[in-house]
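Just so you know, the sequences run in chain order A and B. Start counting the first sequence at 1; every next residue gets the next number (this note's numbering). Start counting the second sequence at 1; every next residue gets the next number (this note's numbering).
Simulated from the structure, these hints should not be mistaken for lab results. Possibly wrong hints are sitting among the right ones.
Said to hold, decoys possible - Residues on chain A that point at chain B, a partial pick, calculated with CB under 10 Å:
{"#": "1", "residue": "D2"}
{"#": "2", "residue": "Q9"}
{"#": "3", "residue": "L263"}
{"#": "4", "residue": "P272"}
{"#": "5", "residue": "R275"}
{"#": "6", "residue": "H281"}
{"#": "7", "residue": "M283"}
{"#": "8", "residue": "V284"}
{"#": "9", "residue": "D285"}
{"#": "10", "residue": "A301"}
{"#": "11", "residue": "V302"}
{"#": "12", "residue": "A318"}
{"#": "13", "residue": "A319"}
{"#": "14", "residue": "Q325"}
{"#": "15", "residue": "G371"}
{"#": "16", "residue": "F373"}
Virtual Cβ for every residue (Gly too), placed ideally from N, Cα, C.
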Amino acid sequence: MDFQYREEQLAQQDTLSRFLGRDYGFEQRRALAQSESGFSRDHWRQFADLGILALPYPEAFGGLNGNAVDTLLVMEMFGRGLVLEPYLATVVLAGGLIRDAGSQAQKAELLPAIAGGELLLALAHHEPGARYESRHVATAARRDGDGYRVDGAKAVVISGAAADRIIVSARTSGGARDEQGISLFVIDAQAAGVHVRGYPTQDGGRAAEIGFHDVKLPASALIGAEGAALPAIERALDYAIAALCAEAVGAMTAINEATLDYLKTRKQFGQPIGRFQALQHRMVDMVISTEQARSMATLAAVRVDSTDIALRRRSVSAAKAYIGQQARSVGQQAVQLHGGMGVVDELKVAHYFKRLTMINATFGDADHHLGLFGDALLSA
Amino acid sequence: MDLDFTAEEQGHRREVRRFLQDNLPADLANKVKHGKRLVREDFLRWQQILHQRGWGATMWPSAFGGTGWNAVEQHIFEEECANAGAPMQLPFGLKMVAPVIMAFGSPAQQAHFLPRIVAGEDWWCQGYSEPGAGSDLASLTTSAIREGEHYRVNGQKTWNTYGQHADWIFCLVRTASEGRKQEGISFLLIDMKTPGITVRPIIMIDGEHEINEVWFEDVLVPVENRVGEENKGWTYAKFLLGHERTGIAGVGRSKAALKQLKAIARSEQAFGRPLIMDQRFRDRVAQVELELMALEITHLRVLTADHEKRGPGPEASILKIKGSEIQQSLAELMMQALGHYALPWQREALDPDWHGEAIGADYAAPLSGHYFNYRKTTIYGGSNEIQKNIIAQMILGL
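Make the full structure from the sequences, and use the hints.
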């Protein structure tokens, strides 16, 4: 066992920390969140220059061969800064899927373009009415000559409107909840029949409802083997969940710092409110929750690269469930300790709270993952 | 960052496991696994077996006769011991007074006391709390007045665990009453056979005799049995409490308890199927497992951090709080799993020599008492509220 980070990992965190300090102040971020696209192409180019867009890919495809712990460190900093750029959707989720399931040709075409900052992707997988169930795919892809035609609807596609291309899951056989019969396709976002309805999310981000109406695809759009995509999708979702866990820990760390600062400066009854034991103990609970969450985010990052699938899924669900619970409690306490200032738009605490709340609702909330984790008890 | 055990660490685990298979007496392990009452000889016998292997003090540096193991090696050892049903090594000598003697004791004290602790020759108990000095420990009033080469000690200590078995007690006593109350405290090592010491049992919530009051009436203690300087005892006391908190996390024992909880939940029946199939109960088990998974990593993170060499810092309070909460949750769920068989109080079933007919399942008898007894864990070693005060002051600067 080893609980240290490598020097280059820490150096990269330093670099990101400096970037956040320089380019991601509260007002700068607020302006970005209110802009048309919701993020900055200029930041994205900086990320490409820093190499973080290339982080999780093999060197043969322009990547840096990083592992999930490298991604954890990036996401933790993004959580601290409430970063809005579509890193999770493009680099972690869709890029991760191409890396794991794509053909040589697809990897060669897409990964270097992601790494270079030229291509944005999104994964359109979850569906209206399917909640968080990963195998629930009603969107259909039927054979049409050499290619396919896709019909269906996808729900809350993270960063979906910004994507140049969309990776979509669609059923090539079986019923809506069958494990087998799910296939993956890469679709040009501009293709005829693709309807993207983008919208802002509660936390300043962007997502989209995406409809596919008789979208014609060539055979080369298929990713991996036909009908056998679920394991790769679940792996990519686990990878994204581990990244969200790290982002949550970053946001929890930052909201704690802001709250502690507030306790030391806000005065009532002639003294800083941090002198009151009732508030001190709440603050301590927040710190303990965050340290425990940090341990679980580490667990998720280390285990998401495991080839033992049961161990991977169990660890990731454990982390998402636990961090969902702790993030909720830390966020709510932070707002409470800020008093009225906790529920106004002009302080960052509200924005961290909103992001933490939405992380819980993304890719399975605490109850969903506690259930998955608990179900593993039946087979263990 | 790597959460997998190295080849060396796995080898260490195999070595510990093999040692336990060969050397942990089956009768002892049976007592522990079935929640039987342990007596003085049980604890000492196990300490002596460990000592013969050179593993009597896995948390001590090798210079003092310990193994010099790092945090991960100790963690593996504790996990394997708990899993095998080894009696817990009582902390009072090994983890509490010994680190103080190592850090602040004289060479003569180190040479005399430390080998006897690791060999299981001396049983130590703690003289900290008093009726009027619980969470506010520094307001203690047991007095030690210097008379030539002795201190004359008068007063009363309480919440003294296993004092009925003890050879020695380490005591915080008041040697000065001027100035801040923390500045007049000294740290004495007292032979329990000294005239004037009376031990009176306090029967606990589970009906067991685990703790005592200890009275001192004109007890003469040689000055050479003072650790460190006169009136500097508060510094040593805080140092000791830091070590105590670290041990209290009890991750290894809680992992063994979780295993037992799952086994019980598979054995108990509800609605014609195992209790573990019940979604509400399963969620509770899953919840405490999440807490324990997180604590195991937090525990190792804290103990392998750079303060390993200078003793546990205030972060140890985090381990104490979470560790004690988890122990209580596990104890409560085991009782809850019994359903109405939580009610019978079959005291005789805790007697190791009893072989009568169990009321309900054969694992049931100790569980409710254990639940009641374990309410102590968030109270002792500095209550969890005191731990939060420590974190607020020492880590957060509030």
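Here is what the structure says about each hint:
1. Among the interface hints, the one on D2(A) holds; its C-beta lies about 4 Å from the nearest C-beta in chain B, closer than the 10 Å criterion.
2. At a threshold of 10 Å, the smallest CB-CB gap from Q9(A) to chain B is about 8 Å, leaving the interface hint in force.
3. At its closest, the beta carbon of L263(A) sits 6 Å from a beta carbon of chain B; the interface hint therefore holds under the 10 Å criterion.
4. Against a cut-off of 10 Å between C-beta atoms, the interface hint on P272(A) holds, since the closest Cβ of chain B lies about 8 Å away.
5. Hint on R275(A) holds. Least Cβ distance to chain B is approximately 7 Å, under the 10 Å limit.
6. Interface hint status for H281(A): upheld, as the beta-carbon distance to the closest one in chain B is roughly 5 Å, under 10 Å.
7. Taken as an interface hint, M283(A) checks out: its beta carbon lies about 6 Å from the nearest beta carbon of chain B, inside 10 Å.
8. For V284(A), the interface hint holds, the least distance from its beta-carbon to any beta-carbon of chain B being 4 Å, beneath 10 Å.
9. Interface restraint check for D285(A): the shortest CB-CB distance to chain B comes to about 8 Å, inside 10 Å, so the restraint holds.
10. The interface hint given for A301(A) is met, as the beta carbon of that residue sits about 8 Å from the closest beta carbon of chain B, less than 10 Å.
11. For V302(A), the shortest C-beta to C-beta distance to chain B is roughly 5 Å, which falls under 10 Å, so the interface hint holds.
12. Hint status for A318(A): holds, given a least beta-carbon distance of 6 Å to chain B, under 10 Å.
13. Interface hint at A319(A): satisfied, since its Cβ lies 9 Å from the closest Cβ of chain B, which is below the 10 Å cut-off.
14. Checking Q325(A) against chain B: minimum C-beta separation of about 8 Å stays under 10 Å; hint holds.
15. At its closest, the beta carbon of G371(A) sits 8 Å from a beta carbon of chain B; the interface hint therefore holds under the 10 Å criterion.
16. Satisfaction of the interface hint for F373(A) is found here, the shortest Cβ-Cβ separation to chain B being roughly 5 Å, below the 10 Å cut-off.
In the structure shown, no violation is registered for any of the earlier numbered hints.
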